[in-house]
Amino acid sequence: MSLSFRRASLASLGLAFGFSALCLSPLMAQETKPAQPDATAPATAPAAPVDPDAVVATVNGEKLTEADLRLAEGELSQQFAQMPPEQRRAAALSAAIEIRVMAKKAVDAGLDKDPDFQRRMAFLQSRALHGEVVEKEVVDKVTDADVRARYDQEIANTPPVNEIHARHILVKTKEEAEAIIKQLDGGADFQKLANEHTSDPSGKTNGGDLGWFGPGQMVPEFDKAAFALDVGKYSKEPVQSQFGWHVIKLEDKRAKQPPAFDDVKDQAKQAVIRDKYFAMVKDLRAAAKVEIPDEKLKKDIDALEAGK
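Numbering (numbering that gives the first Met the number 0), first residue to last: 0 to 307.
Don't take every hint at face value.
When the alpha-carbon atoms are kept at most 25 Å apart in a straight line, the in silico SDA-like pairs for lysine to any residue are as follows [claimed, not checked]:
no., residue 1, residue 2
1, LYS264, ALA148
2, LYS103, ASP113
3, LYS203, GLU175
4, LYS235, GLN182
5, LYS171, ALA148
6, LYS275, ASP261
7, LYS173, GLU195
8, LYS171, PHE226
9, LYS173, PRO200
10, LYS275, ALA89
11, LYS281, ILE300
12, LYS62, ASP115
13, LYS232, PHE189
14, LYS103, MET82
15, LYS235, VAL170
Computed beta-carbon distance windows for the label pairs [as the list claims (entries may be wrong)]:
no., residue 1, residue 2, range
16, TYR276, GLY231, 44 to 54 Å
17, VAL132, ASP301, 19 to 29 Å
18, LYS112, ALA53, 26 to 36 Å
19, THR57, LYS112, 18 to 28 Å
20, LYS62, ARG87, 13 to 23 Å
21, THR57, ARG87, 19 to 29 Å
Source of the hints: derived by calculation from the structure; they are not laboratory data. Just so you know, even glycine gets a beta-carbon here, dropped at the ideal spot from N, CA and C.
Please construct the entire structure, taking both the sequences and the accompanying hints into account.
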């Protein structure tokens, strides 16, 4: 069956609950087996610990340490992503030196006293402190028990649904579909008719098999007709969709199983982090004295906050 016929995204195939808003990567990514070390290769000695205070360069008399270099590597990692790993350290040091000499030129020119610059620095400092609070007071305090509890909560709140295993025969006209139903009424084999008549390329060699799918994963007309069938029965009337006319047979149905904890624990953790973050923000905002003189802007802010 053509891929465009299915409506569901990868997330909806794997999850029945609302983690998708936080999902930043595919939920069903395949696990790869880690490469096994070559037994004939010489053992690699563990890297010696690096002193963060070790000086890697001096710029105009100011020390640039390993800790500074690591910070530069982290902050500029995207710029270095296409570089060979062995060149990234040198590139980070070059960038750090460049930043230092340009910063000195800016100070010498008095640019650090510019009001716009000072406002930007104050904002960047506040933003960095915001990130530190989130990291130390929210992310680092999320426990495995918190994540498991969130997963269990989502499973408990997800209504049970069935998924079905179906086949179909897709043709261009209603008359063709009616002729096929007539043959089925006469005892013809569904799979054989699918191989002979379906216009769905993927169904010509597997008897029109669609595999297992849940509600909402097919176009609405097909979805409604397929889920209304009893096991072993086929549609007595042709079903029209944007793809043509379908004759559908229901092979089986079963209760849809929720995703395994290990498959969605990262999404569950993000959901816990989100909830803890907003709870903290709510408490801090309630304790803060915030005044907004512009009535329209205040109204807009209130509406925005109410939606969180």
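Comparing the hints with the structure gives:
| no. | hint | verdict |
| --- | --- | --- |
| 1 | LYS264 - ALA148 | holds, 11 Å |
| 2 | LYS103 - ASP113 | holds, 15 Å |
| 3 | LYS203 - GLU175 | holds, 16 Å |
| 4 | LYS235 - GLN182 | holds, 11 Å |
| 5 | LYS171 - ALA148 | violated, 50 Å |
| 6 | LYS275 - ASP261 | holds, 22 Å |
| 7 | LYS173 - GLU195 | holds, 17 Å |
| 8 | LYS171 - PHE226 | holds, 22 Å |
| 9 | LYS173 - PRO200 | holds, 19 Å |
| 10 | LYS275 - ALA89 | violated, 40 Å |
| 11 | LYS281 - ILE300 | holds, 14 Å |
| 12 | LYS62 - ASP115 | violated, 29 Å |
| 13 | LYS232 - PHE189 | holds, 11 Å |
| 14 | LYS103 - MET82 | violated, 28 Å |
| 15 | LYS235 - VAL170 | holds, 15 Å |
| 16 | TYR276 - GLY231: 44 to 54 Å | holds, 51 Å |
| 17 | VAL132 - ASP301: 19 to 29 Å | holds, 24 Å |
| 18 | LYS112 - ALA53: 26 to 36 Å | holds, 34 Å |
| 19 | THR57 - LYS112: 18 to 28 Å | holds, 26 Å |
| 20 | LYS62 - ARG87: 13 to 23 Å | holds, 21 Å |
| 21 | THR57 - ARG87: 19 to 29 Å | holds, 21 Å |
The structure does not agree with the numbered hints 5, 10, 12 and 14 stated previously, though it agrees with the rest.
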